[in-house]
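If you read the protein sequences in the order shown, they are chains A and B.
The working numbering applies: residue 1 is where the first sequence begins, and numbers increase by one.
The working numbering applies: residue 1 is where the second sequence begins, and numbers increase by one.
Keep in mind the hints are simulated off the structure, nothing from the lab.
A hint or two may mislead.
What the hints assert, rightly or not - DEER-style ranges, computed between Cβ atoms: (1) P149/B / S61/A: 31 to 37 Å; (2) Y156/B / D28/A: 32 to 38 Å; (3) G56/B / R68/A: 23 to 29 Å; (4) K154/B / W75/A: 43 to 49 Å; (5) Y156/B / M6/A: 26 to 32 Å.
Claimed, not checked - Partial list, computed: chain B residues near chain A (C-beta under 8 Å): (6) K5; (7) I7; (8) L44; (9) V48; (10) L76; (11) N79; (12) I80; (13) Y83; (14) L84; (15) A87; (16) L90; (17) E92; (18) L102; (19) Q106; (20) G143; (21) L178.
All C-beta atoms, glycine included, are put in the ideal place defined by N, C-alpha and C.
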Amino acid sequence: MTTEQMLAEIREANLSYLMLAQSLIRTDREQALYRLGISEETATMIGNLTPAQTMKVSQSSTLLCRFRMDDELVWSLLTSHGKSAANESIGRLHAAILLAGRHQEAA
Amino acid sequence: MARNKSILTEARQIDRAVTLIHLGARLQVLESETDISYERLLRLYKEVAGKSPSKGQLPFSTDWFMTWQPNIHASLFLNIHEYLNKAAALDEIDVVIKAYQLYLEQTAAQGLEPMLSVTRAWRLVKFVDNGMLTMTKCSCCHGLFVTHPHEIAKHYVCGLCNPPARAGKGKAAGALQLDAGPGRSPARAEAIAAH
Chain A
1 MTTEQMLAEI
11 REANLSYLML
21 AQSLIRTDRE
31 QALYRLGISE
41 ETATMIGNLT
51 PAQTMKVSQS
61 STLLCRFRMD
71 DELVWSLLTS
81 HGKSAANESI
91 GRLHAAILLA
101 GRHQEAA
Chain B
1 MARNKSILTE
11 ARQIDRAVTL
21 IHLGARLQVL
31 ESETDISYER
41 LLRLYKEVAG
51 KSPSKGQLPF
61 STDWFMTWQP
71 NIHASLFLNI
81 HEYLNKAAAL
91 DEIDVVIKAY
101 QLYLEQTAAQ
111 GLEPMLSVTR
121 AWRLVKFVDN
131 GMLTMTKCSC
141 CHGLFVTHPH
151 EIAKHYVCGL
161 CNPPARAGKG
171 KAAGALQLDA
181 GPGRSPARAE
191 AIAAH
């Protein structure tokens, strides 16, 4: 992948992220906060972006969204190496409970 | 009740009631969460659900939430509920509705039967408000799980980190299944795969 391509893909990912976030926020604001894992203020900012601003914000060389599963436990539950299908379902449920319990980034 | 009731408030309450009926709430939930009269609620229920509401007492026991599978479902719901509670300023019943919808999505995404009914979810929130149930941090995975109050937090291990001996052996469709590990028979593995 050339740098050109990489930057183009980052811009595209940013743009789809912002557009998805906006439609989530407009459909159901509170559930969007949970789905996106963002604070009320950030949701207001994203929700108020005009199309032109959205384009401008997405023209960045870095990604706008951040990885949320940044600890080993949740990660291993989700990927569940070498486990059967049954345990995998339990692992995903466990991960969902752990992730839902993290509201410090939203509050 | 006051005669000068706001029509807008009433419209919002009817809207809420309809959402709750769609989610399968019992009539007692609607009675407690709206100011609409019993007769009107009954009519609304029949109109929306197409049948009479189920009768009888609501499930009142806190013990149900302590059994293995219900506890996992209840903990998932309550974690989502707490998340919404912290993240957004909403009326109490709206938090329950929105959290319950997210809970349904999560279970559907994993092909699980939603064990927790909206009535039970609503009840759970009341139990927590009254201090009859609480959330305790698992000493192993640090997730929050529904427990009786005064659980000794230092030694508490959740049902997912340490499943009880018979947990996850039920064969009911949509139930949580847990694998016995290396010692299991091939027939059992097939049953799981077929499921």
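Hint by hint, here is what the structure shows:
1. P149/B / S61/A: 31 to 37 Å: violated (51 Å)
2. Y156/B / D28/A: 32 to 38 Å: holds (34 Å)
3. G56/B / R68/A: 23 to 29 Å: violated (43 Å)
4. K154/B / W75/A: 43 to 49 Å: With a Cβ separation near 26 Å, K154/B and W75/A fall outside 43 to 49 Å, so the hint is violated.
5. Y156/B / M6/A: 26 to 32 Å: Cβ of Y156/B to Cβ of M6/A: about 47 Å, so the range 26 to 32 Å is violated.
6. K5: Violated: closest Cβ of chain A sits about 26 Å from K5/B, beyond 8 Å.
7. I7: Violated - the Cβ of I7/B stays beyond 8 Å from chain A, reaching only about 24 Å at its closest.
8. L44: violated (23 Å)
9. V48: violated (21 Å)
10. L76: This hint holds: L76/B lies near chain A, its Cβ roughly 5 Å from the closest one there, short of 8 Å.
11. N79: With Cβ-Cβ at 4 Å, under 8 Å, it holds.
12. I80: Interface hint status for I80/B: holds (5 Å vs cutoff 8 Å).
13. Y83: holds (5 Å)
14. L84: This hint holds: L84/B lies near chain A, its Cβ roughly 6 Å from the closest one there, short of 8 Å.
15. A87: holds (4 Å)
16. L90: holds (6 Å)
17. E92: violated (13 Å)
18. L102: L102/B check passes; min Cβ-Cβ to chain A is 6 Å, inside 8 Å.
19. Q106: holds (6 Å)
20. G143: holds (4 Å)
21. L178: Because about 6 Å separates L178/B from the closest Cβ in chain A, which is inside the 8 Å limit, the hint holds.
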